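For chain A, the structure is supplied; the task is to place chain B on it using the hints.
If you want the building blocks of each chain, they are given just below.
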Amino acid sequence: MGGGVVLLGSACTDEKKPSPNPPAAPPKPAPKVGDTPTATHKSFTAEQWAVLVAAVDRVIPRDEDPGALDANVPQYIDEALTAQQLKKMQLDFANGLNALNRRCERMYKTGFATATAEQQDDVLTIAFKDAPESTGEYKWYDILLSLTLEGYLGDPSYGGNKNKVGWKLVGFDLVGREAGEVAPDYEGKKALDHLRCGSGKGC
Amino acid sequence: MAKDPVDIVIIGSGAGGGPMAFELTKAGHKVVVLEKGPHYQQSDFVHDEILNSRRNFFMPLPWDEPHLLRSGNTNFKHSNDAWTANCVGGGTVHMSGYFYRLKPVDFRLRTELGAVKGANLADWPITYEELEPFYEKAEYELGVSGNAVPHPMLEPRKKNYPLPPLRSHPIGDEIDKVCKGLGWHSIPTARGILSREHQGRAPCTYCTLCGSYGCEHGAKASTNASLIPRALATGNLDLRPKCMAKEITVDAKGNCKSVIYIDPEGVEQEQPAKYVIVSCTAVESARLLLMSKSSRFPNGLGNDSGQLGKNLMFSSFGESRAHFKVSTTKERWPWLAESREPFVNRSLQDFYWMPDDKFGFRKGGTLGFMWTHPNPIFAAAHIAGRGEKGVFGKALKDRLREYRDSKILQFEIYGEFLPTDGTNVTLSDKSPTKDGKVVTDKYGLPVAAITVTRHPLDLTMTKFLVERGEEVLQSLNPDRVQRLGVAGETMILQSGTARMGKDPATSFLDRDCRSHVVKNLYVVDGSFMPTSGGVPVTLTIAANSFRVAKSFNERLKKEGK
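Same order as they appear, the protein sequences are chains A and B. When we follow our numbering, the leftmost residue of the first sequence carries the number 1, and every step to the right adds one. When we follow our numbering, the leftmost residue of the second sequence carries the number 1001, and every step to the right adds one.
Incorrect hints may appear among the rest.
These stretches of chain B come out as covered by chain A in the derived footprint (C-beta under 8 Å, 3 or more residues) [stated by the list, open to error]:
1) 1051 to 1059
2) 1232 to 1239
3) 1365 to 1379
4) 1383 to 1390
For the record, the hints were derived by calculation from the structure and aren't laboratory data. Quick caveat, the model's predicted, so the values are computed rather than measured. The beta carbon of each residue, even a glycine, is placed where N, CA and C say it ideally should be.
Pulled out of the complex, with its shape left as it was, chain A reads as follows (with noise of 0.2 Å):
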């Protein structure tokens, strides 16, 4: 009834955050040069980014329909995890794309992002996606797939759905004349920071 308000995935209902480090984790390597959020990455260091759109390429993969990478999901999850309201989120978020890394290089002997398209699909269906609805893994998959989603099928004044591809995909495009339409010049991030801060104009 009503349709939709899940807020950001039943995952993040949970009391105990997602804390996917499996317990037979290694020790976490020593950070590298570069190893820390850069200008160009927000919520990422350089080796989280990589395997960020290593992980959202595969859970919308570019066929002979565009892509999450086509979207611009990454640049979306990356800026949509800069809000104060997700701190607890964007730490959880990043730390579960190392232990996504971890996982495929204990499994395969290489890092998630350089591991095939099988490995990695393979390594996040059996650690992530199927694992145990009570445990860290699952509800990072769950957190994956909903900033994935929100990033591909979003408003693109966010950052994703460039283009409007998801919405293509989908049939969106197509859902009556104004349903899909916002005001030209629409920025959903300072509607949402009007949210944040408590000074929108309908506050």
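Same frame as chain A, now just chain B:
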């Protein structure tokens, strides 16, 4: 320091608080409305799914203001279920506006059914006939579009709807045909949406994104669009958005003295008042009253009976979907590809009240038919699925392409939800976590802890209704029918927790929705309802609030003399 005293404070501005604010200010009383959410204007309502549905535009974020939720005797989990919109207008802002009335039988279910084991059935202390004029008033003041066609379960009504029905999609005619063939009565669904201009408000533009959005034209029957502006225009309403009530204090006699609230700057304020009217949803009103402890009321304000928070009800929910491939179905139904009409607006109430218990139950509910919600992120998340059944990659894209070539018709059940001992609201401080911590919200207050224990009859009934709905869907020859659930509950539709009744030992409110023991305390959201009814509660909450406003105004007149 306390603010200057006022006559009346209303806490909440939705389907319950809105009509009270409207009627009392119109009668010349000075009213303060405390609303925990912001006061959105029409220009704030934008067709942006991320803003509206996936952040805290309407619903609080679960780490800011969680609910605790559990099924039966299991452990509580954090949840953002059982919130309705936190803003001026409350749930009426983001509702779909399915505006059905209750039926006469709903007011005397205990008498009709007798004692049902495991269910705390009670007759209402009022009849349908007493509420009928206020349904009419609510339909007019909020603006309801529909057509009351004759059918076996049609409730007695003096007038048809104030506005003609909205346009509907051609699939509605097909539903009419197959229902007729099945011997059932497909009826137009009345909507809290304007089909034409009404009281200076613009009509619906058929934009498609309706439920879960605020209407940028003010065509939806939210109290924010219909009643609050007119209450403000009287000059008697002091509307205070972003003000979170945390306690109602009492004087030495045990009457309400003031409302303590947290203002938009985070500063605690005290508003003394002669009368306090609570309308924050059944869950949140119970929470506020339970938090309002004093030496006179150690178990919550007015809670001498111990009934506060008990007999919480939702709406029994079931859902199935029929998938039509547009590319192939268009040969049969050329309009399927062409029509962009958003509304199906058909309902079935043939199973609202069964003549006997041949199928294991007598009190049923309503089936409402509609297109699935077009929100693309919401749709895609559903399509992707979760866990081992979930897909990603090429499989996900193939399913999304299939979705593009689909029209998906669904029905929802709004079924009776029997009140049980096992479905209730308590405070989180009664249920600390294993390490002894109390879950609190961003204000540091204990949160509502909700326990849901379904009565087996609800499940028997819902499954039966889902099966009948599927007969309708199958008769339309879709490519496939998909069952989504037969045992759910719609948690934005809430009632109970402060039920009204004649006996102060077994009810919290009297027939005027006034506390049996605290003589200047009223509760006017769905909390008052002794039974849930088989329709969404919104119109009934509004109608009842108009009814209470009338008796309250009469009381004020008398006490003024």
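Among all the numbered hints in the text so far, which are the ones the structure does not match?
2
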